[in-house]
Every structure is written in C-alpha cells, then in structure tokens.
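Just so you know, the protein sequences line up as chains Y and B, in that order. With the numbering used here, you'll find the first sequence wraps up at 430, consecutive numbering, no jumps. With the numbering used here, you'll find the second sequence wraps up at 248, consecutive numbering, no jumps.
No wet-lab data here; the hints were simulated from the structure. From a predicted model like this one, the values you see are computed outputs, not experimental measurements. Heads up, none of these hints are tricks.
Ranges of calculated distance between the beta carbons of each label pair, as one might list FRET restraints: (1) 414(Y) to 185(B): 20 to 30 Å; (2) 184(B) to 289(Y): 47 to 57 Å; (3) 276(Y) to 54(B): 47 to 57 Å; (4) 131(B) to 356(Y): 49 to 59 Å; (5) 217(B) to 220(Y): 53 to 63 Å; (6) 196(Y) to 225(B): 25 to 35 Å; (7) 282(Y) to 225(B): 45 to 55 Å; (8) 95(B) to 224(Y): 46 to 56 Å; (9) 426(Y) to 128(B): 15 to 25 Å; (10) 252(Y) to 239(B): 23 to 33 Å; (11) 398(Y) to 54(B): 47 to 57 Å; (12) 426(Y) to 184(B): 29 to 39 Å; (13) 217(B) to 396(Y): 30 to 40 Å.
Computed list of lysine to aspartate or glutamate pairs in EDC-like fashion (alpha-carbon distance at most 20 Å, straight line): (14) 390(Y) to 242(B); (15) 252(Y) to 344(Y); (16) 398(Y) to 366(Y); (17) 65(B) to 7(B); (18) 252(Y) to 306(Y); (19) 114(B) to 185(B); (20) 411(Y) to 223(B); (21) 411(Y) to 242(B); (22) 384(Y) to 175(Y); (23) 219(Y) to 161(Y); (24) 252(Y) to 85(B); (25) 73(B) to 154(B); (26) 384(Y) to 423(Y); (27) 411(Y) to 220(B); (28) 411(Y) to 205(B); (29) 28(B) to 154(B); (30) 65(B) to 27(B); (31) 411(Y) to 196(B); (32) 390(Y) to 187(Y); (33) 20(B) to 37(B); (34) 231(B) to 338(Y); (35) 411(Y) to 37(B); (36) 69(B) to 21(B); (37) 411(Y) to 180(B); (38) 231(B) to 196(B); (39) 230(Y) to 215(Y); (40) 411(Y) to 162(B).
All C-beta atoms in this analysis are idealised placements derived from N, C-alpha and C, irrespective of residue type, glycine included.
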Amino acid sequence: MNTLLHVDDLRVSFPTRTGVVEAVRGVSFSLGQERLGIVGESGSGKSQTGRAIMGLTPQQAEIRAKRLEFSGIDLLKASPAERRALRGNRVAMILQDPKYSLDPVMTIGRQILETLRTHEKIGKSEARERALDMLAAVQIRDPKRVYDLYPHEVSGGMGQRAMIAMMLIAGPELLIADEPTSALDVTVQLDILRILDRLVIDRGMGLIFISHDLRLVSTFCDRVIVMYAGKIVEELKASELSRAKHPYTQGLLNCMPKIGTSRHPLPVLDRQPEWLL
Amino acid sequence: MTPALSIDRLRVVYDDFIALKDVSLTVDKGESFGLVGESGSGKSTLLRAVAGLAPVTSGTIDVGAKRLGKTRDKEFYRQVQMVFQDPYGSLHPRQTVDRLLLEPLDIHGFADTEKRIQRALDEVGLGSGFRFRYSHQLSGGQRQRVAIARALILEPSVLLLDEPTSALDASVQAEVLNLLEQVRRDRNLTFVMVSHDLGVITHMCERLMVMQTGAEVERLEASDLASRNVTKDYTRNLLVASEGFVREP
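The following block holds chain B by itself, in its conformation from the complex (with noise of 0.2 Å):
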C-alpha cells in the first residue's frame, strides 16, 4: 500500500538558519502521527514545508502516489488540507461563515455548494444558525469548528493539524478533540498533528516523533510514552514536565 504521505531527508533552511535537517516519515493511511516539541523544534516547518508554506530546501514529499514539485497543482490542495492554531487568526474577519466556505469550493469548482456547506456546518456541531456570522461573532471553539469545517468541505484525504485546540480552554480542547476523531473515523481521514501537549499527542494519535532544534530526537509509539518507555533525555524532561510543577524540598 502507498503511504498517505511520505517525506525523504526533508530540510528547509532561512538565510544561515536551518529549521528543518533531514527529517524523514512516512504515515499511513488513516494512520494519525504526531509531532511533538517545543517551540523552534521544526515541528511546525515540517507541517508547513508539506502545506507548501515554507521553502523546501531539499529532500521530497510524496502525497499518495505523486510527487511533489516546487509549485503544487490545485488536487494537492484540495487533498491536502490544514488546520492553524490560533481560531482569531485564522477566519477572514470580513467574510460571513458562509463566505469562507463558499471559496475553497468555488476555487475547485464543486458543484450542489448549498448542500454542501449545510453538511459540513452540521458535520462539525454548529448547524445553520451559525452560517451567516462573522467570525468575531463566535468563541474559539466555533470559530475552530468553523475552520475544520473548512478544511473539511474539500473532502480531503490529508489533514494537518498544527496546535489546533492549544489556543482553547480544556473542556473545549476536549470537544475539538473529539469532533477530529469522529471526522477521522468517518472518513478514514490521515492526520498529522502538532502539539507541545505530550497528553494531547498521546490521546490523538498512534505513533510521534519528537524534535528538537529541527532535527528528530526519536521515534516511538504512543504506549511507549504511557509506559515511560522512552530512550532520550530529552523526551523524559518532557514527559516529567508534563506533570507539572515540582518544589524542591
């Protein structure tokens, strides 16, 4: 079977700063994997290396079958589809819910778009009486509702998923959560996520890699972190930071 999406010794590099050196992965379809690192891990890069949002030094990616190339054709947009993090910055503050639905579909020229933007707003919780508000009509969660939503209408086979309930207080973190698995499920959708919350990581997806300063530290199975089944340091810092705070005695 090919791979959702396989990456080869990917590097990204800005001026004299490498973000990215030499990251490889594959993930399987309908796999969920998950990047975890802190902040100038390269774990955001990467995902916006594949979206075609930061200048892929060398190495390749492959979506499906096809490789890409510098330039993306419009199938790999619609295949491949992101969610951000921040839900105030990510929605057109002029355009209505309908709106911003409405131009990923005109863009690829679907057809039935009433339908179909009825089905996507019901498909994420939100229901038509949200169709006509503007995005600083709604909280955070809506409003990253909304974005999925958008993500969604293209039917994509890809998702990726960068921070996108860090922004969110943890009882709406856990209904975004659980609209995204539900979406996986019901269409045997592929997610890469980023997250610095191992516990989201581990709740979320199958396998991980931690990164730190845009390289890989290691690779490991989502049961490995519950069982603190871990080799590198750096990932048991993280593991213990996790917990919380500690005093000293």
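Only chain Y is shown next, with the shape it has when bound in the complex (with noise of 0.2 Å):
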C-alpha cells in the first residue's frame, strides 16, 4: 500500500490573551489507501488536525511539524498557491453542516461547475454534464433538477449529498470529512455513509473520518486514533476497538446508553489529569 499521506509530530498553537493554547500537541500518523477514523470530543483537537492538513488553520495560528506530506510535497513548505492548486482537487474536505457550509446565493449546479472549472480546463457543457454525473454518482434521484435548487430548498441529507459531489467532481485522492453526518438522521447518516465507502473502495481514495461517534466510526472505518487534548492516546483496529486499553477509550464506550442494558445512573467518564501528559 502507498502512503499518501505522513503526519509526525504536528503541533497547533493559538496565540491568546492569556498565552498561548496548544489544540494539537504532537500528532503522528500515516495514511494511505484506507479509512481512517479520528475520534475524540469537543476540544480534543480532531478537527484541527484535519484542517492543518487541509491548509484551512486560522492566520494567528502556528502549525509546526517535522514532517507533513502529502504525496511528496511538503505541505509546511508549499506556497498559499500551492496548496491552493491542492486544495478541492487533490485533498478535499466535506463539513458537517450542510445549512451553513454550501454557498445560499448559489446554486447547487453551478456551485460544483465552480470547482471543477477552477481546477480543470473544460468546456461548459460538459462540465454541466460531469457535474449532473457526479450528482447521480451520490444517489441524487433527479439531477437536472437539484441541479437549479438552492441550498435551503433541499433537505439535510440532499445538501450533504450534494457537497460530497462538489467535493468528489475534481476527484482528489485524500478525502477529510469533518463530522460529515452529525447533522444528519440516522438512516440519512448510513446512505452517505454507503456511498463515501463505495468511493473509497472505487478511487482508491484515502479517507479521514472525523467523528465524535464511536460507534459509527468503529463500524465504518478501518482504523481508529483515538483523541484527547490534543494528542492520540491510542490507536486501535476499528475492529478491536471493544478491547481498547486507553481508559479515556473505554470511558467513551461506556458511557453511552445503550438499548437492551439497564445502567442507572449511566458511568460517567471520570477523568484523570495524567491524561493530559
């Protein structure tokens, strides 16, 4: 398997009043051709790490590593130009809501024509025709109509559908998905679900799942790294993740209640300040 994409040691830092807050404080990984899961709460640094590699860290903040690659370029070295040129074509990222990360005063066909012909020279109707593809390629039932909708006249899970075509028309070969079915019905959850998973095995991409759910994530990725204040306290096959070692891990599984077991009060995750170590 090629590794598309190396992680060591890559640190986040924002500059604050009161001193300077580490959200990422020294993540390694490697990636390639597989699923990936991060999981981890609120605070826990997850998302920044998606988006340092995304190139998506706010101005004020400072992202160190000694080494973040993807497929062999140094993604701390490249130009704004560069990773321009990169992002939305080579590395793409879904967003969690669709409400608020879809452009409202654009449509949705012509919001993914936007991407493709920023990063392809290609003709006009047939860019009309690869994105109507690319909608279909997501299970969207008519494309030639949600093709002229706007954002908030389709559903949570349409809008979702439609990012991941906006994302996927340039076909990149690294996918970040940021919670990209929290905002989402169960069942909804598991369409998309399906079909990130068939582009996955399709491409050959390499994805990272960001999620705060365990469970979806133990069922649907390959691997698990597991978050908690920035660092990676373990890292585990999705398979195994019921024998994780980690009590942060096991504290997370715990504590969700579930159908058919009768725990009143439910365990709560008693943390430990050498955790944070």
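Two chains, two frames, a set of hints: combine them into the complex.
So this is what it looks like as structure tokens:
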C-alpha cells in the first residue's frame, strides 16, 4: 500500500491574550488508501488536525511538524498558490452542516461547476454533464432538478450529498470528512456512509473520517485514532475497539446508553489528570 | 388519577402542510414518555404545540385537570417548562446566568429569589462560581445545565425535553442524562422527551411513541425495543440503523 499522507509530530497552537493554547500537541500518523477514523470529544484537536492538513488553519495559529507531507509535497513549505492548487483538487474536505457550508445564494449546480472549472480547463456543456453525473453518483434521484436548486430548497441529506458531489468532482486522492453525518438522521447517515464507502473502494481514495461518534466510526473505518486534549491516546483497528486499553477510550464507549442494558445512573467519564500529559 | 398530560387528536397545520396528524397520547404523573423519529416526523412539533410555540389547528391538550385554551395563562407556564436542543442558541447571550435565572422568578412573582437561584445552581451541579458568568463563558454541557436550572427554578410539574443532549459529547450526555433522572426522582416530575437516539430514549423513558411524517407509527414499552419486539418495518429500520454501519459484502 503506498502512503498518501505522512504526519509526524504535528502541533497547532493559537496565541491568545492569556497565553498560547496548544490545540494539537504532537500528532503522528500516516494514511494510505484506507478509511482512518479520528475520534474525540469537542476540543480534542481532531478538527484542527484535519484543517492543518487541508491548509485551513486560521492565520494567527502556528503550525509545526517534523513532517507534513502529501504524496511527496511538503505541505509546510508549499506556497499559498501551491496549496490552493491542491485544495479541492487532490485534497478535499466535507464539512459538518450543509446548511452552513454551502453558498446560500448560488445554485447547487453552479457551486459544483465552480470547483470543477477552478481546477480543470473544461467547456461549459461538458462541465455540466460531469456535474450531473456526479450528482447521480451520490444517489440524487433527479440530478437535473437538483442542479438548479438553491441549498435552502433541499433537505439536509440531499445538501450533504451535494457537498460530497462538489468535493469529489475533481477526483481527489485524499478526502477529509469532518463530522460529515452528524447533522443528519440515522438512516440518512448510513446512506451517506455507503456512498463514501463505495467511493473509497472504487477510486482508491484515502479517507480521514473525523467524528465524535465512536460507534459509527468503529463500524465504518479500518483504523481508529482516539484523541484527547490534542494528543493521540490510542490507535487501534476499528474491529478491536471493544478491546481498547486506554481508560479514556473505554470510558467513552461505556458512557453511551445502549438498547437492552439498564444502567442507572450511567457511568460517567472520570477524567484523570495524567491523560493530559 | 388524572394524567399529567393528555393530548387528543392534536393537529398542527402550517399553510398547506400538515405537520402533525391527529396524534393522541396520555402521560401519567411521574412518568417519562419518549418520542422518537427522524427529522420531519413531527416529534418536536408535538412538544412545541403543547408549549404553545406551534399553532394548534384542532384537537385538545389537557395539563392536569385543566384544558388549554388558545392563550395559555401564567400558571401553565409555571407548570410546564421546556429544555431545548441547542444550548448555544437557547440562552440569552448578553445576560449572566444570574439574570437568566432571575427573569422567570420575577415574572412569576417568587420571593426569596436569592436562595432559589443558589439552590437551582447547586441542584444542577454548577455551584455559585458560575452565577455571574455569561453563557459564552460556559461549555455546552454547562449551558445545558443552566437551561435545566432555568426550567426547574419555577418548580414545574411537567418538563418538555427537546433533544436535550444531542448537541453534547457522549461523556457529557451521560452526565446530563443522569442529572435529568435525578431531578425527576427528587421532584416526581413528568417528562416528555424527544430524541432521535433510540438508546437515549430507552434509557430515559418507560413508554415511547415512534413517529413518521407527522403521525404515530407505533407505541412501545422501552423493553419492547430491547427485545426487538416491534411490529412496524419503520421501527425495525431505525433499530438496525442505530447499531452503526454495516458493509454489504
């Protein structure tokens, strides 16, 4: 398996009035053509890790790493123009809520075209054909109709499919999905995952799936990284999640109410200060 | 015994769209009743109609022995309180916690506000250190605790919970669910709880109703879900979906 992405000792810190806040504190992993899950609570640094790879970290933040490399390109040394050429083309990102991350005053079709025509020299009618095909590929039943709709005219699940279509139209090699299904209903959630799954298999894409939902990640991904306070506390095969060793991972798994077990009160996470080290 | 809440053939219509189609239900005193379904199933509309936030087109709502009219009186708003989903959107951004908790007390003419605010904060496990903070200085879980304190401070008998933990991390969700169970036991409260998470509903509620497109699909005991004793395909699909992703071979 060839490795797409190398991350070695990634650190992201934000200067604030009260001192420097380290959001990511030394994260290392590599990714091939596989599904990697990053799990953690809010504030664990999982999203900032994804954003640093994508090059979407806010300007005031400082990124350091021993190595941050995507298919032979040193992302830390790349110029803004080089990164722009990568972004949306070879590396793409799906965000959580289509209500906020699609442009409200642009039809879905035009937004997809925008991505495509930024990265490829392509004629209008051919681009339109490609966009319609892509909408069909994410299982939108009536692509022609949806193409001319505005984001507020479609449901959450449909909006998320449109966003996936937009992200995939340029054929990225790496897809970072930051909570792509958290705003959706459970059954729609599974539809979206099935689409992502097929794309990973068919196109040989690398996928980083960022989520707070351990259950979902463990059933969907190949490997899972568990983050706490900016660090990786544990890395395991998704199928072996139930055998997690770190008390934080065990605690997270344990505190979810499950159908068929009666535990009153629910066990809560007993956070240990040494987890922060 | 008069039920705490009884709803008969409640219908909510927005223009041409029927959001809720003749749903009936009764909840006994001290009981916890769950509403499950996907977005657009009408579960939140039902809660909002009871709280007076959605227009009732036809049907009746009784709280205790009292039938609700077009306008709700002050006593109703003391008896029935609601906790909303989004802890970031449901607290006034320019008011301190103290001010937030004082307002309902003021409206309903409670005396000894000082003591009540302190007690309410203690009860939800926040302590007086949080009293003069603004909501942006609190985490999601802390905000939801403030929202619960705000609802409880009027000593209501019915609490309407609209996805109270779905915006929270799993570990924080466990804490808030435990808190809700605790206050229900201590005060013999009646809960009507909406959630899309079957695990949360079976944990919190004795009985539940599965809803789809504004209508009832079926009514179950929490134990029915555990033993997979469901009759409708829709519920079965929800159950399967709640177990996570299954890769087709």
